[in-house]
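Q: As given, the protein sequences belong to chains A and B, one line each in that order.
Numbering-wise, the numbering used here comes out as the position in the first sequence, counting from 1, plus 5.
Numbering-wise, the numbering used here comes out as the position in the second sequence, counting from 1, plus 1.
I should point out that these hints are in silico values taken from the structure, not numbers from a laboratory.
A couple of the hints might just be wrong.
Said to hold, decoys possible - Quick partial rundown of chain A residues pointing at chain B, CB under 10 angstroms, derived from the structure:
#1 Glu124
#2 Gly332
#3 Leu337
#4 Ser347
#5 Pro359
#6 His361
#7 His374
#8 Ser375
#9 Arg406
#10 Ile407
To be verified - Only pairs whose alpha carbons sit at most 20 angstroms apart, straight line, appear in this in silico EDC-like list of lysine to aspartate or glutamate:
#11 Lys6(B) x Asp340(A)
#12 Lys234(A) x Glu209(A)
#13 Lys234(A) x Asp247(A)
#14 Lys19(B) x Glu328(A)
#15 Lys46(A) x Glu57(A)
#16 Lys402(A) x Glu9(B)
#17 Lys5(B) x Asp340(A)
As the structure is a computational prediction, the values presented were derived from the model and not from experiment.
We put the CB at the ideal spot given by N, CA and C, even for glycine.
Next come the chains, spelled out residue by residue.
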Amino acid sequence: MEKQKKVYFDYAATTPLDAEVLRKMMPYLKDKYGNPSSLHKFGREASAAIDEAREKVAKFLGCKPTEIIFTGSASESDNLAIRGLIKALKRKKRTGQTLHIITSSVEHKAVLETCKDLEKEEVRVTYLPVGPDGLINIDDLEAEITPETDLVSIMYANNEMGAVQPIKKIAKLIAKSNKFEEHLTYFHTDAVQAANWLGCNVNELGVDLLTLSAHKIYGPKGIGVLYAKERTPIYSLITGGDQEWNLRAGTENVAGIVGMGEAIDQIKNQKSMPTGRQAKIKSIEKLKDKMAADVLIKVPGSKLNGPDNPEDKLPNIVDFSFEGVEGEALVLSLDQEGIATSTGSACTSQALTPSHVLMAMGLSDLEAHSSLRVSLGKYTTEQEVNYFLKVLPEVVKKLRRISGR
Amino acid sequence: MYNKKVMEHFSHPRFFGKIENPDVIGTAGNPRCGDLLTLYLKIDKKSNKIKDIKFETLGCAAAIAASDMICELALGKTLKQAIKINFQDVSNELGALPPLKIHCAQLVTEALRDAINNYPLKALPTGRQAEK
Chain A
6 MEKQKKVYFD YAATTPLDAE VLRKMMPYLK DKYGNPSSLH KFGREASAAI DEAREKVAKF
66 LGCKPTEIIF TGSASESDNL AIRGLIKALK RKKRTGQTLH IITSSVEHKA VLETCKDLEK
126 EEVRVTYLPV GPDGLINIDD LEAEITPETD LVSIMYANNE MGAVQPIKKI AKLIAKSNKF
186 EEHLTYFHTD AVQAANWLGC NVNELGVDLL TLSAHKIYGP KGIGVLYAKE RTPIYSLITG
246 GDQEWNLRAG TENVAGIVGM GEAIDQIKNQ KSMPTGRQAK IKSIEKLKDK MAADVLIKVP
306 GSKLNGPDNP EDKLPNIVDF SFEGVEGEAL VLSLDQEGIA TSTGSACTSQ ALTPSHVLMA
366 MGLSDLEAHS SLRVSLGKYT TEQEVNYFLK VLPEVVKKLR RISGR
Chain B
2 MYNKKVMEHF SHPRFFGKIE NPDVIGTAGN PRCGDLLTLY LKIDKKSNKI KDIKFETLGC
62 AAAIAASDMI CELALGKTLK QAIKINFQDV SNELGALPPL KIHCAQLVTE ALRDAINNYP
122 LKALPTGRQA EK
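Take these sequences, add in the hints, and give me the full structure.
A: Shown next, in the form of structure tokens:
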């Protein structure tokens, strides 16, 4: 058996930097080093590059360039969306009035922990449950939303098991609730995992705030985007300079922003090709489905976590649980065979508790503990999937011999 | 995250498996943290020495490596000696576990002590109970 050394199945954690993206970034890491705030040619060159990237992102989202804020990460964007909005609303709220956020129990920690933190500051937070499929129930939202609700923050697609939340339905519900009221409920979505695969036109989605990350779409690390619809009240969390419409002080990461623009342009360009983009997505989905189906056959005691309906899940993420195997041991064993994956097992978390996402879906401790997330991307090949299918059953068998289960 | 020695014991454990008709069994762990382990011991009736020991562990790499190590440390020791093995011994022998994984070393010592405490008194030669 020839040994493949490097098989990357962790695209949901991060994606490799696209060669063309890097090429576009290079001048801004070398010769074009001006500070975009400077008046001279060096500065103007840099600020023009940012303008161009901003336009590309705006085009992708179907919004105005002035509605785009570049940040240092998607986590920062989530924080700016939620804390920034709450900060603005707090400054104009009546005394004694509590603010209300509705979110879901399967959000990324950047949203969840931010909401938990705000609970300490007199913000009421409702955490919507999810079903065994990882999806929120729109009726639950309808039951919890009031005319006084200030913010709904629900992720577009989940990073662990790929569930795609009904964003448009949520937006409609919020619009209905906003219709006759002076008080507005704002809608934020973390679209980090969705950007590669799903439509992100903010008008079609009906969101006021939307988060993106560059390094999940073959761009560089250290760059996030927040779309904030005109007239959405948000205040800056980082003060000190008037960059990014006064919403994010600090000299811009010019090369990173250029990289974000190029990465997003690639998604957009592929989308406009009649067959290219969709065909590519379909081919990745096919590989993922093959992998999922074959694993269930080849590994007894295995099951899939996440939605059953293909339309409710991302085409590239599959999450398994294997009886009698612990996730960290599984990830490390696969790593020794050159395969990079991820797990929701407690053993990899600082808190030593299993993934909050899998627990929210009602998995038992042991099921969550035995989870394996495999995420595919644009460089995934059928050979890689076959190699995984060859290695995995052996690795599971070995670990089961050790666990005696 | 893990050093070579931990990875070696995790990848190629020597003591995993079950002993048919063990003299005593020890268990530790809980499903919440996800580590569940069982130790099987064969004990020489005359000398009270552990003459065979095996483990079955559902757990992370550190838990598997620590299970293997406690078996290595306990094998050939009398029950009296074995009960003194503590988690630092296990961790040190593995060349130090990461701080977050120290509980794995505690878990395996718990299982060994559980086994020793489960060892039926009648199996001990008269007058040797104190030495257990």
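Q: All hints, please: hold or fail.
A: Evaluated hints:
no., hint, result
1, Glu124, "violated, 24 angstroms"
2, Gly332, "holds, 8 angstroms"
3, Leu337, "holds, 5 angstroms"
4, Ser347, "violated, 14 angstroms"
5, Pro359, "holds, 7 angstroms"
6, His361, "violated, 14 angstroms"
7, His374, "holds, 4 angstroms"
8, Ser375, "holds, 8 angstroms"
9, Arg406, "holds, 7 angstroms"
10, Ile407, "holds, 5 angstroms"
11, Lys6(B) x Asp340(A), "holds, 17 angstroms"
12, Lys234(A) x Glu209(A), "holds, 13 angstroms"
13, Lys234(A) x Asp247(A), "holds, 19 angstroms"
14, Lys19(B) x Glu328(A), "holds, 19 angstroms"
15, Lys46(A) x Glu57(A), "holds, 16 angstroms"
16, Lys402(A) x Glu9(B), "holds, 18 angstroms"
17, Lys5(B) x Asp340(A), "holds, 14 angstroms"
Violated hints, listed in ascending order, are 1, 4 and 6; each of the other numbered hints is respected by the structure.
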